[in-house]
Each structure stands twice: as C-alpha cells, then as structure tokens.
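*Asks:* Using the hints, position chain R against chain A.
Chain residues, written in single-letter form:
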Amino acid sequence: MKGLKLTDILVTIVISIVFGIVYKLWGPLYYAVKPIGLHVDQLIYGMWFIAATVAFLIIRKPGVALIAETAAASAEFITGSEFGIEVLLYGIVQGLFAEIIFAIFRYKKFNIGVVMLAAAASAAGSLIMDLYKGYIDDLVFWNLLLFIGARLIGSIIIAGAFAYYLVKSLEATGVTNLVRPASHEDYDALN
Amino acid sequence: MDFDIKETWLHKINPSLKLLFLIVLFISVLFIHNINFLINYTVAAFLLFAFFTGHPMKRILLLLIPFVLIFVSTATSMIFFGKGETTWWKWGLIHITEESFYRGLHLGFRALIFALLGLMFSLTTRPVFLFYSLMQQLKLKPKYAYSFMAGIRLIPIMIEEFQTIRQAMIVRGVEQRKGLANFFHKLKAYSIPLLSQSIRRAHRIAVAMEAKRFSNDTKRTFYYEIGFSKYDLCFVLYFIIAILLSYYAAKMLPFFPVTDVRYIE
Chain A
0 MKGLKLTDIL
10 VTIVISIVFG
20 IVYKLWGPLY
30 YAVKPIGLHV
40 DQLIYGMWFI
50 AATVAFLIIR
60 KPGVALIAET
70 AAASAEFITG
80 SEFGIEVLLY
90 GIVQGLFAEI
100 IFAIFRYKKF
110 NIGVVMLAAA
120 ASAAGSLIMD
130 LYKGYIDDLV
140 FWNLLLFIGA
150 RLIGSIIIAG
160 AFAYYLVKSL
170 EATGVTNLVR
180 PASHEDYDAL
190 N
Chain R
0 MDFDIKETWL
10 HKINPSLKLL
20 FLIVLFISVL
30 FIHNINFLIN
40 YTVAAFLLFA
50 FFTGHPMKRI
60 LLLLIPFVLI
70 FVSTATSMIF
80 FGKGETTWWK
90 WGLIHITEES
100 FYRGLHLGFR
110 ALIFALLGLM
120 FSLTTRPVFL
130 FYSLMQQLKL
140 KPKYAYSFMA
150 GIRLIPIMIE
160 EFQTIRQAMI
170 VRGVEQRKGL
180 ANFFHKLKAY
190 SIPLLSQSIR
200 RAHRIAVAME
210 AKRFSNDTKR
220 TFYYEIGFSK
230 YDLCFVLYFI
240 IAILLSYYAA
250 KMLPFFPVTD
260 VRYIE
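Protein chains in written order, with numbering that gives the first Met the number 0: chain A, 0 to 190; chain R, 0 to 264.
Here chain A stands alone, though its shape is the one from the complex (with noise of 0.2 Å):
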C-alpha cells in the first residue's frame, strides 16, 4: 500500500512539467500585471500553487502534491524562470504546505474545501519566505493585509477552486482511472 509505484512517479512528473510550462509563462505575466499597482498581482499568484492540488486530486496518494510541486518548480526553473533558484525553495515550501492538509485528513478527502484549504496552506508557506526575502513586514500595515489578502485569495480561486473544477472535467474524460487507487465504491461494485 505505501510508497508510490513508477506510474504515479511518471505521471506526476509528467502533470508538473505541464505545469512548470504554465509557471514559467505565468513569470512574465505576472511581471506585467505588477506595475499596476496595490497588489493586483497577488491575485494572480495562485497560479503558482496548482501543480500540488491537480496533482493529488488525480493521483490521491501521499507525497504526490510535495513531489508535483518540486517537480513543476524544478522544470520552471531548468527552463530558465525569472526567478532563478528561488522557484526551486518555494516549490518545496509550498508543496510541503499543501500535503500537509491532505496529510490532516488522512489522504482521504477530495472535497473543495480541502484543496482550498490546501492552496490557502500553500499560499501561507509562500508568504513565510517572502518575509525572509521580500521584507513584507516592512510594507505599511494597510498594504501589508492586502497583499496577504489578494494572494489568498487569488490561490484559493486557482489553485482550489479552478484546480478542483479542472480535475473534475478530467475525470469525465476517464483518464483518472488508470492512476488512481481502486476506492471502496470499486470494491462494493464487485459484491
């Protein structure tokens, strides 16, 4: 039962390089957004935190969401991101957040609330670098609540919500069977 077989290895890296793609051409965007000003570009930083919850919601095993958002950062990162090693750190980080809330609910909820709450974790770790790196605790107290609000925001919508409806479309498709464990529905439609 433990441990991940090969499949779930391959296909997880397979999801996260998808993703690290997105990631590195979500960089520029984000960039781009940001002169705007007061923020705005903290709603869109949840993009960042998705790899981790599609990844578990098609595989539902543990270790799945660190390993895809290592994985997603690693390929961000080898592609030439703007944010050089730092993706790497945070990836990690942000991984380690979000298996940690599947890992609270035993690796057997897959409800929307339990991915936003996994996003919403996600985007926590993030913050916690950046106030090593970004000195946000610098920000006035105003624009510091609403850059800790627009990025949670932002990730619960994306990395939780969108992510959940994502992975919902996908399983209409029947791709989702091949990689995931047999559930107890499985084994009462045998009886």
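One or more of the hints may lead you astray.
[Stated by the list, open to error] Keeping only pairs whose Cα atoms sit at most 25 Å apart, straight-line, the calculated DSS-like set for lysine-lysine is:
id, chain 1, residue 1, chain 2, residue 2
1, R, K140, R, K185
2, R, K229, R, K138
3, R, K185, A, K23
4, A, K4, R, K218
[As the list claims (entries may be wrong)] One-sided and incomplete, this derived list gives chain A residues near chain R with beta-carbon spacing under 10 Å:
id, residue
5, L87
6, A171
7, V174
Derived by calculation from the structure, the hints in this document are not laboratory data.
Cβ atoms here follow ideal geometry from the backbone N, Cα and C, with glycine treated the same way.
*Replies:* Just chain R now, kept in the frame of chain A:
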C-alpha cells in the same frame, strides 16, 4: 531559432555541485542587508552571466530585457508602500521615504541576482547531465530521475498536440466567443485534451519501462559517468573571491550611505 552555444568552463562544472552551491548562495544573499555589498555582488554574478555562458551576445542582451522589468516591478511596491520616517514624497496612498527607497532598491537587486544566477545555471546545464549527476552524486532515486528525463522528452509532443488542437478547432469552425467566457472556454478546450493525453502517455511509458525490468537499484550502471574536475574548484573560488571583494569594496567605496535597509523602530 538556432541554438548554437560554445561550451565554456561553466558547462563543465558538476551539475549537482553547481545546483547545491547556488542554493547556498541564495540563502547567503538573504542575510545581506547592506545595499552596497549587494550591488557589488550582483555585478560579480552579472559578469558570469554576460561573458561566460557561451551564448552569443545578441541572445544575452535579449534575455536581459525582462530583467529591467523584474527590477522595476520588484522595487516599486516597497518604495511606494514601505515603512520609513524621512519623507521624500507623498501623494495619496503613495508615501516614499528614504528608508523605503533604499529597501526597494535592495529588493530589486536581490531579484536581479537570483535571476542572473538562475539563468546562468539553465543556460549552462544540460538537463540530462543534471539528472545523471543527481543520481550519481546525490543518490536521487532512478525512478524520479528517469521520470523527469522521460517527461522532458514529452514536451515537443505536447507542443505538437497543442498545434493540432488549434488547427482542428479552426478547421471545424469553432466559434470565437467574447471576453471572459471565451478565455475559460479556450482554457478548457486546450488543457483537458493536453492533460489527459499526457497522463495516458505517461502511463504507457511507465508500463513499458516496468515491462522492460526498469529497476530502482541505485547500484546501476550509467550511460554518462559524471565526476568532478578543476572547474568545480574555479567556480567555488570565483564566488568566494567575489563575495570577499564585494564586501571589502562596500566598506571602502560605498555607493549609498546606508548599511542596513531593514526597518528599525
């Protein structure tokens, strides 16, 4: 697009060592709060990026364009909204102080140095060698490394598939909707087939690899043997000397009269 590159000494560095050392540098930069030190350090990173990656000057200059954007956009929010006492300019919500200005500049240089070092790494490291090195030097499990290498090989197929979907939609005369509805429609129309096909392909590859007795044994033989060389030492020494010189120059010839950009109550 042509992709001619000259192999330089940066290509010959052991990829694992290069990666680990860059992570150490990343963390060390987080402890630099003196803007003068950081500017000198950034110059040292820039020299490597500009002259030793073996890429033609035109491409290097092209890659530099987004760096300007990074610098400006990273610096501005702290300059406009950072804490500080010595007011320079105030207009509505925007409040520029001496402290926030230097802190903003500092963040700009920080973003710049990460970008320079990161891009230097990706311009001089071949992914295949990186993963072989990670397996050999850092004992990364082969199932992760080979999954990654297989995944990278799938990228051209994904791009081809993307174009097929686009052409199919044109041929079948899929109507263009307007605004946000169009955006979500397009997002779904592309992402679902791309993801589902990628998952199917990944699954088939994994089944084939296991059928051919792919083993997770770390004591396997490797097509590429990756070791260490004198260039590794050069790389480490370059940064040690650069950091010492930057620190010394910041003490002797500072650009700005600020030694710590953090806000102190």
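*Asks:* Now tell me, hint by hint, if it's right for this structure.
*Replies:* Here's how the hints hold up against the structure:
A C-alpha spacing of about 38 Å is found between K140(R) and K185(R), which places the hinted pair above 25 Å, so the restraint is violated. Taking the CA atoms of K229(R) and K138(R), the gap is near 22 Å; set against the 25 Å cutoff, the hint holds. The suggested pairing of K185(R) with K23(A) holds, with an alpha-carbon distance near 19 Å, which does not exceed 25 Å. Annotation: proposed proximity of K4(A) to K218(R) holds, straight-line Cα distance about 19 Å (limit 25 Å).
Taking 10 Å as the C-beta cut-off, the interface hint given for L87(A) holds, the closest approach to chain R being about 7 Å. At its closest, the beta carbon of A171(A) sits 8 Å from a beta carbon of chain R; the interface hint therefore holds under the 10 Å criterion. Annotation: V174(A) was flagged as interfacial toward chain R, and the flag holds, the nearest CB pair being 4 Å apart, inside 10 Å.
The structure is inconsistent with hint 1 alone, although it conforms to all the rest.
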